[in-house]
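Q: If you want the building blocks of each chain, they are given just below.
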Amino acid sequence: GDSVTQMEGPVTLSEEAFLTINCTYTATGYPSLFWYVQYPGEGLQLLLKATKADDKGSNKGFEATYRKETTSFHLEKGSVQVSDSAVYFCALSDNTGNQFYFGTGTSLTVIP
Amino acid sequence: GAGVSQTPSNKVTEKGKYVELRCDPISGHTALYWYRQSLGQGPEFLIYFQGTGAADDSGLPNDRFFAVRPEGSVSTLKIQRTERGDSAVYLCASSSTPGELFFGEGSRLTVL
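Sequence order for the protein chains is S and F.
If you use my numbering, the first sequence corresponds to residues 847 to 958, in order.
If you use my numbering, the second sequence corresponds to residues 581 to 692, in order.
With the rest of the complex left out, here is chain F:
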């Protein structure tokens, strides 16, 4: 597609449930990033892929969070045993050139 696509745009779930958020980057972009944005805050880095491999996952807050990019294109962010504190907008961005990110519109996660 023309831009970075994220689904779902909104997800409401109950505490303890499992959630998957999907990101479809711009075609040909080798780098893919996940960020989390809480209300009134800037994007907080979670994980960065170069191709299929996670080049830097130092931002994942704990082992309930995991992300994959098996074919070097679409990525899925997986959150197990969700907690209310996980509520945020999860942003995906892709890049072909170091230093310029193209963002999707985000997936808003609400954990009740």
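So that you can see chain S by itself, here it is in the shape it has in the complex:
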């Protein structure tokens, strides 16, 4: 069945460092791909998404490109800030857009 595998954490970076969080997926058909973020004490919220191959999702300086050939959707940011400290979840939705599968989450801590 459909699933998502993401890089295990925790990840600790200094402010202004480059961030990559790896995510690969297994799916039949043509899934949509997402990154959700959970800040401390808050609910999950959508960070970015891509609905078809080669699409790039971007938001708040974060980017991820839907790579069908490598079944990946890696999250990147060129210069992280302390405020980016959170748990990041990779997810996919199936063909219908109604069923979602989440990765286990990657905790990011950015230190000044």
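Keep in mind that the hints were calculated from the coordinates and are not lab data.
Beta carbons: idealized from backbone N, C-alpha and C, even for Gly.
Treat each hint with caution, since some may be false.
What the hints assert, rightly or not - Label-pair ranges, simulated between beta-carbon atoms:
{"hint": "1", "chain 1": "F", "residue 1": "Asn642", "chain 2": "S", "residue 2": "Asp848", "range": "21 to 27 Å"}
{"hint": "2", "chain 1": "S", "residue 1": "Ser929", "chain 2": "F", "residue 2": "Gly631", "range": "46 to 52 Å"}
{"hint": "3", "chain 1": "S", "residue 1": "Thr851", "chain 2": "F", "residue 2": "Thr632", "range": "40 to 46 Å"}
{"hint": "4", "chain 1": "S", "residue 1": "Glu862", "chain 2": "F", "residue 2": "Glu663", "range": "32 to 38 Å"}
Said to hold, decoys possible - Below are the SDA-like pairs computed for lysine to any residue, each with C-alpha atoms no more than 20 Å apart in a straight line:
{"hint": "5", "chain 1": "S", "residue 1": "Lys902", "chain 2": "S", "residue 2": "Gly924"}
{"hint": "6", "chain 1": "S", "residue 1": "Lys914", "chain 2": "F", "residue 2": "Lys658"}
{"hint": "7", "chain 1": "S", "residue 1": "Lys902", "chain 2": "F", "residue 2": "Gly608"}
Stated by the list, open to error - Calculated from the model, a selection of chain S residues having no Cβ within reach of chain F, i.e. all distances over 12 Å:
{"hint": "8", "residue": "Leu859"}
{"hint": "9", "residue": "Ser860"}
{"hint": "10", "residue": "Glu861"}
{"hint": "11", "residue": "Thr866"}
{"hint": "12", "residue": "Thr870"}
{"hint": "13", "residue": "Ala899"}
{"hint": "14", "residue": "Asp900"}
{"hint": "15", "residue": "Lys902"}
{"hint": "16", "residue": "Phe908"}
{"hint": "17", "residue": "Thr911"}
{"hint": "18", "residue": "Lys914"}
{"hint": "19", "residue": "Gly924"}
{"hint": "20", "residue": "Asp930"}
{"hint": "21", "residue": "Asn941"}
{"hint": "22", "residue": "Ser953"}
Since the structure of chain S is provided, determine the placement of chain F on it from the hints.
A: Frame of chain S, contents of chain F only:
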């Protein structure tokens, strides 16, 4: 309200007791989801409603778990004869557009 509201935010109960968790989705959202998140894990799908009906309840772990959405808005997740293994954060999400979920902050259930 402006976002998805879940009550209670915390619930501590004894093994064997009955528990109800409530979700008030974003007004107008026809789709409503329940997920369960254990420590260090990603959200695990439980059930999905489209309107009043359960479109997919394949994630409910056993017959102790049941959910309703009688008027197509508020939903209640019901857990009978709670067990210690039911301890987790129960997340509710709603959606008006296939492929984008809006999450509440969750209800943390602790079964002693």
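Q: Please confirm whether S/Asn941 is truly not at the interface, meaning its C-beta sits more than 12 Å away from all C-beta atoms of chain F.
A: violated, 10 Å
Q: Is the Cβ of S/Ser860 farther than 12 Å from every Cβ of chain F?
A: holds, 25 Å
Q: Determine whether the non-interface label on S/Lys914 survives the test: each CB of chain F must be over 12 Å from its CB.
A: Given that every Cβ of chain F is farther than 12 Å from that of S/Lys914, nearest at about 17 Å, it holds.
Q: Verify this label for me: S/Thr911 is non-interface relative to chain F, using a Cβ-Cβ cutoff of 12 Å.
A: holds, 17 Å
Q: With d taken as the least Cβ-Cβ distance between S/Leu859 and chain F, does d exceed 12 Å?
A: holds, 20 Å
Q: Is the nearest CB of chain F more than 12 Å from the CB of S/Lys902?
A: holds, 16 Å
Q: Looking at S/Ser953 again, its CB stays over 12 Å from all of chain F?
A: Incorrect as stated: the minimum Cβ-Cβ distance to chain F is 9 Å, not above 12 Å.
Q: Please settle this one: S/Glu861 was flagged as non-interface, so is its CB more than 12 Å from every CB on chain F?
A: S/Glu861 clear of chain F: closest Cβ-Cβ about 26 Å, beyond 12 Å.
Q: Between S/Thr851 and F/Thr632, is the Cβ distance one that fits in 40 to 46 Å?
A: violated, 35 Å
Q: Could you check that no beta carbon of chain F comes within 12 Å of the beta carbon of S/Asp900?
A: About 17 Å separates S/Asp900 from the closest Cβ of chain F, which puts it past 12 Å; holds.
Q: Are the Cα positions of S/Lys902 and S/Gly924 separated by 20 Å at most?
A: With Cα atoms ~15 Å apart, S/Lys902 and S/Gly924 stay inside 20 Å; holds.
Q: Quick check for students: does the CB of S/Phe908 sit more than 12 Å from each CB in chain F?
A: holds, 16 Å
Hints 2, 3, 4, 6, 7, 21, 22 from the earlier list are contradicted by this structure; the remaining hints agree with it.
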